[in-house]
Amino acid sequence: MNRAALHALLSHWWRNPLQMLTLLGGLALATALWSGVQAVNAEARASYDAAAATIDEAQFDQLVMKDGGPIDQAIYVALRRGGWMVSPLIEGMVGDVRLVGVEPLTAPGASLPMALQTGGDVGAFTSAQGQIFAGPDAVEDLAELRADIVVSAQIPPGVAYADIGVVQRLLDRASEVDILLMNPEQPFRQAGLAEIAPELSVRKGQAAADVGQLTGSFHLSLSAFGFLSFAVGIFIVHGAIGLAFEQRRPMMRTLRALGMPLGRLIGLIVVELFVFALAAGVIGVVLGYLIAAALLPGVAATLNGLYGAELGGALAWRPVWWVSGLGIAVGGTAIAGGGALHQLARMPLLASAHPRAMSMAAGRRARLQALAAFGLLMAAIVLGVLANTLYLGFATLGALLLGAALALPVIVDGILKLGRGFSKSALGQWFWADTRQQLPGLSLALMALLLAMAANVGVSTMVSSFRMTFLDFLDQRLASELYVATSTPEEAARLEAGMTDMGVAVLPIQWATETFGGVPTEVYGNRDHATYRDNWMFLESVSNPWNAVAAQEGVVINEQLYRRAGLSVGETIEIAGQPMTIVGVYGDYGNPIGQAVITEALFQSLYPSVTALRFGVRVPEEALPEVRSKIVEDLGIPNAQITNQARLKALSTDIFDRTFIVTDALNVLTLAVAGFAILMSLLTLASMRVPQLAPVWALGVTRRQLGVMDIGRAVLLATLTALVALPLGLALAWVLLSVVNVAAFGWKLPMLLFPSEYARLGVLALLAAVLASLWPAWRLSRTPPADLLKVFSHER
Amino acid sequence: MNAKGLVIAFLLAPVAAVAQGFAGLGTDADGFGLPTPNPTFNFPNDHGAHPTYRIEWWYITANMEGPDGTPYGLQWTLFRSALAPEDGEGWTAPQLWLAHAAVTTPTDHFVAERLARGGVGQAGVTTKPFAAWIDEWVLEGDWQTLDMSATGAEFAYDVALTAEGPLVFHGDAGYSVKSAEGQASYYYSQPFFALEGHLHLPDGSVPVTGQAWLDREWSSQPLSANQSGWDWFSLSFDDGAKLMGFLLRQTDGNHYSSATWIAPDGTTQAYSDGAFDAQPLARTPTSGPEVPTTWAVTLPDRGVDVTVTAINPDAWMGTSVPYWEGPVTIAGSHTGRGYLEMTGYE
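Chains as they are written, first to last, in the numbering used here: chain Z, 21 to 816; chain R, 5 to 350.
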C-alpha cells in the first residue's frame, strides 16, 4: 500500500513539473545563498586576519639598544636567564620584501604569522636550510635565497618570515638581533634590566587595534543576512508546498477513502518532503560552492578550508558545512511544510478540494493579518528602543521582518483600492480590480520580493557603512605612509631635521597616560597638520574642531572615553590641571582604552618630560624609496625601525573590493530567487485566471493587450513592494548597526546612506519582476481563442 | 616513568617519531641511539644530556609541608627533544628544550611552562659542574646536594635537596622495558632527597620541608602504537620503603605494568608486567577532563594494598601537552605520600 500511495503522491509532481521545479529550485537557491554567505564570511575573516597580522609586533613592548644599533645575542640569553620573557627578532630588506627572523618557541603568540601560529613543522622551520613563509607577491624577491619558500596566502604582502637563525645567515648577521619582543606575561620575579643589560631601553608597544571586534560585527551582520536570504527561499517553498497540498486534496481524500490511515499518509508526505529537502540541499550546497568559486577566484585556500581538503592535505574533509547546508534545507522545509501537515492532520475525511483556497481564505484572513502585522511592527519599535541584548536585537529583527511581510498585502491592497478610485475608464477600473483580485495568490511571492529587496538594501547599507568606517579608521590610525621609531631624542632630532630638509612632513607620535572618570586614557600631542583634518571622522563635534585644538582651547576624545566617562561635546575636562573644552568625538574602533588629543605645543608644556620618539612620515607613494633610503643611509636609522603602511592600506582596500563583488553577486542572486518566486506564482495563477480573462477578451480587449497589462501589473506590484522594501531595508540596517552591534560589541557603527545604490537595486528588482512576468504574459497572449471560448460553454 | 616527554617528542618531531621497536639494535632508522640491556652507567656524565637519543628528562617531584602542617606538592621538569641525533652550537642545533614547574596546595595548582632552543645557551645541561637550566630555572649541584628554583607568573620556589640514600636503577639495572614489544628506556632515580626551602605564593612566602624524588630517563623509542597513555605512581611509605609503579594503558583496554620496590636502604626489586596493579576508584572533574584521582594500588608480593588519593584533585597541567600531576596521600596496608601522574585522558 505504501508503494501505491507514494506513487499516487508523487504522480502529482509528475503532472506538475513546474511546481516541483519551484519547490526544489526555491530550496536549492535558498541553501546556495546560505552557503554563499558562509563562504564570504570565511573569506573575509581570513583576509582580515592577514591584514591584522602586520600590525601585531608593534603591539608588544620591546627592548632596543639605546644607541639604536643591533643587540648582541648573548644579551638575549642573559635576559632570559634573568627571568625576562623576551623573544629575539631580526629583520632586513631583501629587494622590496621585509624579511623578519623570529624565534618560534619564545615568540609571543600574536607576533607570529598566522601560518605558523596554526601549526607548521617546527623542525623544518628551525632547520639549517630553513623555511621562509611569504605571500605570493614576495616569492620573486626571495627566489635567490638559500632556503625553502613556503607560499602562504595568510602572510601579508611585502613581508616574509623565517627562523631567526636562518635570517641571521641570509643577512650575514651572525649573533645579532634587532629587537627583543617582551611577552605580556612576565614571571613573578626577575632581575633588574639595568643589572643585566644597561645598554637596552624599553620601547612601549602601541595598544593593538582590535580588528577582530570590528570584523566580528561584520560577520554577525552577514550571518543575519544569510538567514534572511534563506527566509526568502522559505517563502517560496512554503508557497509551493501549500499549493501542492491544496491541489492534492482530492487525491488525499481518495486515498483516505480507500482506507489509508491518516498517520501513514502524513508519514509518507514527511518522507517525500525529506527526500526533496535533501536533494535540494545537496544541489544548494554544490551551487553555493560554484557561486563562491566563481566569485572568489584566487582564494582557493579559503574555499578548500570551507569545503574540503585543506592546504597540505592535513584536513581532508570538513563535513560541518555540508551538515549546516543540508540541515538548513531540511529545517526550512519542516518550517514551510509544518502548517500544511497540521492542516492535513485536522482535515475532515471528505473535505472537498479547494484549488483556490488560498485566495478564498485571503479575505477572511486579511483583517487578522493586518492586526498581526500592526502588533508585530509595534513590538519591533518598542524592542528597537529597549533592546539591550543580542537576543532582543534579533527578536527586533524578527518582529520587524515578519510584521512588514504580513503588512505588505494589506498596504498594497489599500494602495490598489486608491488607484481604482483615480481610474476613469472601465478597462482601467478592471485593471485595478483584477490586480487586487490576484493579490492573494501573489502575496507570498511579493513577500519574498520584499524580503529580498529589504535584505539587499540592508546588506548594501551595512557593508558600505562598514567599509567606509573601516577604511576611515585605517586612514586615521595609519595616516602616514611611513612610521619610524627612533631610539633616542638625538636620533629623533636627526630625523626631524633630515626630513624637513627634504620638505617631508614629520608627525610626532607622543602620549602620556591619564585617567578621566575612571577610564584609563592616553593623551596625545598631535602636530597641527592636514593629515588629521583630512582623515579623522567625527561622530559628533563643533564646527572645525581642529581649529579649537590648534588654539590650545579644545580637546578631541575617542568614542570609548566619551561613552564610558559619560562626557559630551562642550563639556570641560582637566588635562594635567589645564581645563580643556571637548570639541569633538571620533570613532576609534577596536581600541580598548580612552584617547584624547591636544595640540603639540600644549602637550609639550603640560608634559615636558615626554619626548616624541615615534614619528609618522608623510611621503607621496613615488618618493617612498628615496625617503626610506635617506632615513636609513644618511640618518643612520635602522631599517628595522621603519614600517611601511601604504601596502597595508592597499591590501585592506583590496579585501573590501573583493567583499563588494561578492555582496553584489549575492544581491543579484537574492533578487533572482524573488523573481523566480514571482514567475512561479504567475504561472500557477495563469490557468486559473482564464475564466476571469475570457469576458474581458470577449468584450474586445486583444490577447496582446491583456499580456501587456499583465506585465504592467507585475511592474506595478513590484514598484509598490519596492516602496515598502526601502524603508524596511533601512530599518533592518539600523537595527543591525545600532541595536545588534551595540548589544554584541558595545559600540555603534555609523549608518551611512547610499541612494544611488538603492536606486540601482530598485531597477534590478523591477527588472526581475518584468523578466518574471514576460513568459506568463507571452503565454497569455498566445492562449488559443478556443480555450477562452470554452469558458462560456462550460467545457473547461 | 614520566613518559609525557614521549608525547612532547611526538609533538615537536612528528616526522622523526616513526621509530620501529627493535630492541637490541644500536640505532634506529634515523640514526638515534636505542637503549640496550645490561647498561653500564658512567657518572657524572650520565647525569648530563644524551643528544643522540630522541628524548630525555630530569624530573623532580616533591612532597612537602609548611610550618602549620599544610601539605604542598612541587614539580620541576626539564625535557630534551632531539630533531636529529646530534648536538651543535647556534640556532641550528637540533635540540629543543621544554620545562614545566608547578606548585600544588590543597586548594590551588600553579603551573608554568618554558620552551627553548638548544645551542645558544638559553637551555641545556652541563656535567662538570652539574647544572640543568632553562631560562632562570635551575637545578645545580653535585647530586649530593642540589639547588633548585623556578618561577611562574604567580609563584616561585627556591629549595635545596640533600641526598640521604643511593641512586636507584629501575627495570634490569636501569634498562626499563615499556611494552610487550620491547620498547625500553634507560631509567634511574634518586628517591632519597630531603628538601628544605621556600615557596613564594600569591599570599606570601612559605618555608617548607619534605622529601623529593628525582627521575632520569632517556630513550629514542616512544610508546608502541597501541598505547594511549599512562598512570605513574611514586609512593614513599612512612616505614621508609618506596614504590615506583606505572601502567601503560592500551587502546584495547589492557595495560602493561612495571614496578620497582625500593627498600629503605636503597636495595631494589624490579617487577615485570602484571605484578603491580592500580584500579581507578573515582573520577573527579578538573580544569581539564575528568580523571581518576582516587586509586586502589596493589603489589601483592610486598603486601601492598593501598588507596591513593589526590591532595588537590584539580592538579591539571594546562600546558602545551596537557596532563594531570600532583601530590597524593596513601592509606591502607601502608601509609605515606607520593606523586601521581596521568596522561592521555580526554
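Some hints could be false.
What the hints assert, rightly or not - Which residues of chain Z face chain R? A few of them, derived with a C-beta cut under 8 Å, are:
| no. | residue |
| --- | --- |
| 1 | D92 |
| 2 | G103 |
| 3 | G185 |
| 4 | D654 |
For the record, the hints were derived by calculation from the structure and aren't laboratory data.
Predicted model only: the values in this text are computed from it and were never measured.
Quick reminder that beta carbons are idealized off the backbone N, C-alpha and C, glycines included.
Outcome of the hint check:
Nearest Cβ of chain R to the Cβ of Z/D92: about 12 Å, over the 8 Å cut. The hint is violated. Hint status for Z/G103: holds, given a least beta-carbon distance of 4 Å to chain R, under 8 Å. Below 8 Å, beta-carbon pairs count as interface contacts, and Z/G185 has one with chain R at about 3 Å; its hint therefore holds. Taking 8 Å as the C-beta cut-off, the interface hint given for Z/D654 is violated, the closest approach to chain R being about 33 Å.
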